[in-house]
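Novice: Sequence:
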Amino acid sequence: MPSTYLRLMLTTSAMPDPVLELAERGRAFPSEERVRLVDLLLESLQQSTPSDVKEAWDKEIERRIAAHERGEGKVYHLDEVMDEARRLAP
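First residue of the sequence shown? That's 4 in this note's numbering, and the numbers climb one at a time after it.
One or more hints might be untrue.
To be verified - Label-pair distances were calculated between CB atoms; the ranges are:
| id | residue 1 | residue 2 | range |
| --- | --- | --- | --- |
| 1 | 34 | 82 | 20 to 28 Å |
| 2 | 54 | 91 | 29 to 37 Å |
| 3 | 21 | 79 | 38 to 46 Å |
| 4 | 20 | 76 | 37 to 45 Å |
| 5 | 42 | 71 | 18 to 26 Å |
| 6 | 40 | 61 | 40 to 48 Å |
| 7 | 23 | 47 | 13 to 21 Å |
| 8 | 88 | 56 | 37 to 45 Å |
| 9 | 66 | 38 | 21 to 29 Å |
| 10 | 67 | 91 | 33 to 41 Å |
| 11 | 21 | 72 | 43 to 51 Å |
For the record, the hints were derived by calculation from the structure and aren't laboratory data.
Using N, Cα and C, we set each Cβ at its ideal position, and we do this for glycine too.
Take the sequences, apply the hints, and build the full model.
Specialist: So this is what it looks like as structure tokens:
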């Protein structure tokens, strides 16, 4: 079932919104296909990232993975991170 916002936009908008229409159609896909769609959309955004920014992030990711594998740094459980985010968010 679409969100209240999405239902409202789809039923009250005078002009069709192709993005909202695609989102509504995408919700009907099986979860594996929705994941695939999201991956494709994210990949299209990453392709527009300047190469120097992408290279810098790739190096940072490699650095963080290597540090983690050496046992350096603190690892946080997802629940801890989410609790802290909820605490900080109004």
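Novice: Now, for every hint given, state plainly whether the structure supports it.
Specialist: Against the structure, the hints come out as follows:
1. 34 - 82: 20 to 28 Å: holds (23 Å)
2. 54 - 91: 29 to 37 Å: 34 Å Cβ-Cβ, so the 29 to 37 Å window holds.
3. 21 - 79: 38 to 46 Å: Holds - the Cβ-Cβ distance for residue 21 and residue 79, about 39 Å, lies within 38 to 46 Å.
4. 20 - 76: 37 to 45 Å: holds (44 Å)
5. 42 - 71: 18 to 26 Å: About 24 Å separates the Cβ atoms of residue 42 and residue 71, which means 18 to 26 Å holds.
6. 40 - 61: 40 to 48 Å: Roughly 24 Å apart at Cβ, these two residues miss the hinted range, so it is violated.
7. 23 - 47: 13 to 21 Å: holds (19 Å)
8. 88 - 56: 37 to 45 Å: violated (25 Å)
9. 66 - 38: 21 to 29 Å: Once the Cβ atoms are compared, 28 Å apart, the range 21 to 29 Å for residue 38 and residue 66 holds.
10. 67 - 91: 33 to 41 Å: violated (22 Å)
11. 21 - 72: 43 to 51 Å: holds (45 Å)
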